[in-house]
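Q: Let the sequences and hints guide you as you build the complete structure.
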Amino acid sequence: MTITRIETGPRMSEAVIHGDTVYLAGQVGEGDSVTAQTRFALDEIDRLLALAGSSKAHILRATIWLADMADFAEMNAVWDGWIADVAAPARATGEARLATADYKVEIIITAARA
7 MTITRIETGP
17 RMSEAVIHGD
27 TVYLAGQVGE
37 GDSVTAQTRF
47 ALDEIDRLLA
57 LAGSSKAHIL
67 RATIWLADMA
77 DFAEMNAVWD
87 GWIADVAAPA
97 RATGEARLAT
107 ADYKVEIIIT
117 AARA
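The opening position of the sequence shown corresponds to residue 7 in my numbering, with each subsequent residue numbered one higher.
Don't read these hints as lab results, they were simulated from the structure. Being a predicted model, the structure only gives us computed values, none of them experimental. Idealized CB from N, CA, C, for every residue including glycine. Careful: at least some of the hints might be erroneous.
As the list claims (entries may be wrong) - Just the calculated beta-carbon pair ranges, DEER-fashion:
| no. | residue 1 | residue 2 | range |
| --- | --- | --- | --- |
| 1 | ASP26 | MET75 | 29 to 35 Å |
| 2 | GLU36 | MET75 | 19 to 25 Å |
| 3 | ALA63 | ALA98 | 18 to 24 Å |
A: Next up, the structure:
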């Protein structure tokens, strides 16, 4: 089975397609707030899924890491608006120390190809 890599750099690919499954690297955001970072990450997810021939309607699973679980409601406010027009995927959310202190949220997606 063919493996296709999208936006490959020296350390990782932003997306990998294997068969009819799309795996996205963890997407982090820009901005000072959880709201801004979540919006940015979801915009990147939309962009990468489109490049891979998929969309948020085909997301199978989402894993969301927050630097602080106190930000859960703020992240969910953005997530809920983004996912409102499609069936919600399986999802897990937890707290973790992210790659830099500036990151407040990281979202990892697995999706089916459209």
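Q: If a hint holds in the structure, say so; if it doesn't, say that too.
A: Hint check:
no. : hint                      : result
1   : ASP26 x MET75: 29 to 35 Å : 34 Å, holds
2   : GLU36 x MET75: 19 to 25 Å : 22 Å, holds
3   : ALA63 x ALA98: 18 to 24 Å : 20 Å, holds
When each numbered hint is compared with the structure, no violation occurs for any of them.
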